[in-house]
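2 protein chains.
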Amino acid sequence: MPLQTRIEQTLNSAIDRATANSAPPYLCQALHSAVFPGGARIRPQLCLSVAQACGDTAPNVANAAAAAIELIHCGSLVHDDMPCFDDAALRRGKPSIHKAFGDPIAVLTGDTLIVQAFETLAQAADEAPDRVAKLVALLARYTGSPYGICAGQAWESESEVDLRAYHQAKTGAMFIAATQMGAVASGADPYLWHELGARIGEAFQVADDLRDVVCSEAELGKPTGQDAVHARPNAVQRLGLDGAVAHLNNVLGGAIASIPSCPGEAQLCAVIHATSQRLAPTQLQNNTAAE
Amino acid sequence: MPLQTRIEQTLNSAIDRATANSAPPYLCQALHSAVFPGGARIRPQLCLSVAQACGDTAPNVANAAAAAIELIHCGSLVHDDMPCFDDAALRRGKPSIHKAFGDPIAVLTGDTLIVQAFETLAQAADEAPDRVAKLVALLARYTGSPYGICAGQAWESESEVDLRAYHQAKTGAMFIAATQMGAVASGADPYLWHELGARIGEAFQVADDLRDVVCSEAELGKPTGQDAVHARPNAVQRLGLDGAVAHLNNVLGGAIASIPSCPGEAQLCAVIHATSQRLAPTQLQNNTAAE
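Residue numbers (our numbering), protein chains in the order written: chain A, 3 to 293; chain B, 3 to 293.
Keep in mind that the hints were calculated from the coordinates and are not lab data. Certain hints may be false.
You can't tell identical chains apart in this list, so a pair holds if it fits in one copy or across any two.
[What the hints assert, rightly or not] Lysine to aspartate or glutamate pairs mimicking EDC-like chemistry, simulated, CA-CA at most 20 Å apart:
1. Lys101 x Glu160
2. Lys101 x Glu158
3. Lys224 x Asp89
4. Lys96 x Glu219
5. Lys96 x Glu221
Keep in mind it's a predicted model, so treat the numbers as computed, not measured.
Could you put the whole structure together from the sequences, leaning on the hints where they help?
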């Protein structure tokens, strides 16, 4: 079964669970809208790719891990779009959750998606309770504080920012979750998979910085130039356009070099290479690691 | 060790974990302020009381379950106090989190406490991974949607409210979580413990309705008369003052009667009886089950 099918089916089951029976209708609509149709699903694809590279010995556990990561990601976008953070009116080309459903439902949609992520992991526990307990610990670590996206976002409320901690927590964390949780789902050692996630996270951050500068709002489906508006650090501002593209290539090269020895190593290299092609803005792809 | 000590120690470890190392200082202050000093800690005490009644066969797992429930409760209070919900300026006699730290930190404090609840469960997994996986499932069920406090709160955004689903999810859910998770932590069957949690939850809702009507703001440490302000259903409005007190006594009697046969049954009856005395507003205690 293609990875994309595994991801969408597991996400569908999760949202079906959260919207079943007596759930309040408005919350149900918002939960569905926050998750479908999805974005590129890069994190869950990375998670399943690593699980496959490690032998895919418990596919349902791997599916749950991948979907849980995407649910957290979707929930964090709902909260980040709210007026007290980015005040974004658009997400994936349609009104953001707070615009469509109001602030109360936006808070609760984010909360519910975070909770449903853990519930999705727990649903797979019969197959391998020890692996699921480790997955819960990893997902919590990279979602909460001090190492997770909550802490990452909270750095934006500080007057003095630890930039390394900020980027690692805000963007890197969910990529590290993806590689480590993919490994654990297949019974492999998560420690070996930290570096790959961290490097892909760094590449993603640089690519995101590039897109914020060179893409149009229509291409991205959300406002651009936001880093300048919110005075957030941006690699293009720091390194220049050519410098940022060169840095992206270096980071992606390092990511591929860091892949641990595993049964599906060659295939995973190809997947990361393909992902890297999708990361860079189309306007710049001739200059990136695509070749 | 007294239950209160077990609860506070485990909560301290959880907040230490979330505020360790490179965590953003402002978020750290808010996390601490949201959990300490606590309220009555009724839910975690109920959880540990049930765990003890069932033999307390894995005390660290029970401690984690109790603390996880309280972390979810504290996180939900932080979000509920926000301007888009109750817009409460006070909580436990001091400024609410959004008043003291701003809306962004309030959102992230609630998110982080939800996540830390699951991390706290995962920390106890080495002792009994199968029990912890079941605890994760129960905590998620009674926190998220359709049966949890997120769904309960979301009913307030609906024009037509399923009152039974609303009360059960908003108030009952965390009491059911407390009894069922206490049982699971000690290896007992959670299904037998559903009714006790549901009845105590109902009693708590009636007692809360009474306090909202008869107590002063100084006594509660938060604004009173809020049900009338927000046009929320209230048992005193529905049954009258005497009717609501009589209903509270009936529900508490039913709660004690529902306690399943277990090693610590007699002691648990005494605990529930003592809890019931604390539930009713002091002005009314001569009329309640306190006798």
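Hints versus structure:
no., hint, verdict
1, Lys101 x Glu160, "between (27 Å within a copy, 17 Å between copies)"
2, Lys101 x Glu158, "between (22 Å within a copy, 18 Å between copies)"
3, Lys224 x Asp89, "within (11 Å within a copy, 30 Å between copies)"
4, Lys96 x Glu219, "within (12 Å within a copy, 44 Å between copies)"
5, Lys96 x Glu221, "within (13 Å within a copy, 47 Å between copies)"
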